[in-house]
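Position 49 (the sequence shown) corresponds to 68 in our numbering; numbering is contiguous.
Please keep in mind that the hints were generated in silico from the structure rather than gathered at the bench. Idealized CB from N, CA, C, for every residue including glycine. Heads up, some of the hints might be wrong.
[Claimed, not checked] Heads up, simulated DSSO-like pairs for lysine-lysine below, C-alpha to C-alpha not over 30 Å straight-line:
#1 K228 with K173
#2 K228 with K128
#3 K237 with K90
#4 K228 with K90
#5 K90 with K128
#6 K173 with K90
[Stated by the list, open to error] Simulated DEER-style distance windows between Cβ atoms:
#7 K173 with D193: 53 to 61 Å
#8 T218 with G156: 13 to 21 Å
#9 G139 with G183: 19 to 27 Å
#10 D193 with D94: 25 to 33 Å
#11 T239 with G154: 29 to 37 Å
#12 D63 with P132: 20 to 28 Å
#13 T239 with A204: 27 to 35 Å
#14 R101 with D152: 14 to 22 Å
#15 P205 with L115: 28 to 36 Å
#16 D63 with D208: 16 to 24 Å
#17 V120 with D152: 47 to 55 Å
#18 E220 with P51: 25 to 33 Å
#19 T184 with I151: 21 to 29 Å
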Amino acid sequence: MKRIISLCFAALLLTSCGPAAAPFSSENETPPEYDSYIIFHAEDVSLSDLDDIAQILDYRARSYGSEIQDKFTIDRDNFDIRMDLVNENGWAEVFLSEAVVPNIVAFRKGTDPSSEALLGSSDIASVSTTYIDIGAGDTEAAVAIEFSDPAAEKFEEITGELAGTDISLSVWLDDEMLCAPMISAPIVDGNAILTGNFTEESANELSRKMTIGELPYKVTVVSSDLAG
Numbered sequence: 020m021k022r023i024i025s026l027c028f029a030a031l032l033l034t035s036c037g038p039a040a041a042p043f044s045s046e047n048e049t050p051p052e053y054d055s056y057i058i059f060h061a062e063d064v065s066l067s068d069l070d071d072i073a074q075i076l077d078y079r080a081r082s083y084g085s086e087i088q089d090k091f092t093i094d095r096d097n098f099d100i101r102m103d104l105v106n107e108n109g110w111a112e113v114f115l116s117e118a119v120v121p122n123i124v125a126f127r128k129g130t131d132p133s134s135e136a137l138l139g140s141s142d143i144a145s146v147s148t149t150y151i152d153i154g155a156g157d158t159e160a161a162v163a164i165e166f167s168d169p170a171a172e173k174f175e176e177i178t179g180e181l182a183g184t185d186i187s188l189s190v191w192l193d194d195e196m197l198c199a200p201m202i203s204a205p206i207v208d209g210n211a212i213l214t215g216n217f218t219e220e221s222a223n224e225l226s227r228k229m230t231i232g233e234l235p236y237k238v239t240v241v242s243s244d245l246a247g
């Protein structure tokens, strides 16, 4: 991903740079037979935070497919969350590798990772894969970001302040800087397009990661048993 992301600097300059788990409720269907489980442990959280964490984990799981089958059981005495699931097609292996990452999106002035995050995940209305014309009838995959209405105004203000200066606008996912383009003019429509050497697959994956929500809690995986 670093090779791909490093190419989006100039391109961004040119183009502008969860719900709760659904319980089983149908009278005409058979409850799924779960074949796998993952147990998570949360530290330094309140009892109500455990519900939020379970919702975030469920939302992240469902980013792998709308028909994902899972169930969450919360142990409030030990601050553990058990996730039972059906590991059809092996999706849970990938989910397990990123289930507890913070996944924090941040837009910052300059490239200092410790500088203030001016916009973040909660300001994004949607992220999707799009295609841009690169000439000669060819197109290239890109990642389109649309900000919510209040954030769009702030994005216009930020890009207006940076336009024509030597200060870049950097885009971060956790501790990784995705790109840091210079801004030539204010961006007034609340949309940014990250472009570079994206394949359709890598653009889809980055879009998914930017929309699965933040996990602002310290959560670890303590045990798991995945079928397949």
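Quick rundown of the hints versus the structure:
no. : hint                       : result
1   : K228 with K173             : holds, 23 Å
2   : K228 with K128             : holds, 22 Å
3   : K237 with K90              : holds, 21 Å
4   : K228 with K90              : holds, 22 Å
5   : K90 with K128              : violated, 41 Å
6   : K173 with K90              : violated, 39 Å
7   : K173 with D193: 53 to 61 Å : violated, 22 Å
8   : T218 with G156: 13 to 21 Å : holds, 19 Å
9   : G139 with G183: 19 to 27 Å : holds, 25 Å
10  : D193 with D94: 25 to 33 Å  : holds, 28 Å
11  : T239 with G154: 29 to 37 Å : violated, 48 Å
12  : D63 with P132: 20 to 28 Å  : holds, 23 Å
13  : T239 with A204: 27 to 35 Å : violated, 45 Å
14  : R101 with D152: 14 to 22 Å : violated, 49 Å
15  : P205 with L115: 28 to 36 Å : violated, 43 Å
16  : D63 with D208: 16 to 24 Å  : violated, 41 Å
17  : V120 with D152: 47 to 55 Å : violated, 34 Å
18  : E220 with P51: 25 to 33 Å  : holds, 29 Å
19  : T184 with I151: 21 to 29 Å : holds, 26 Å
Comparing the model with each numbered hint stated earlier shows that hints 5, 6, 7, 11, 13, 14, 15, 16, 17 do not hold.
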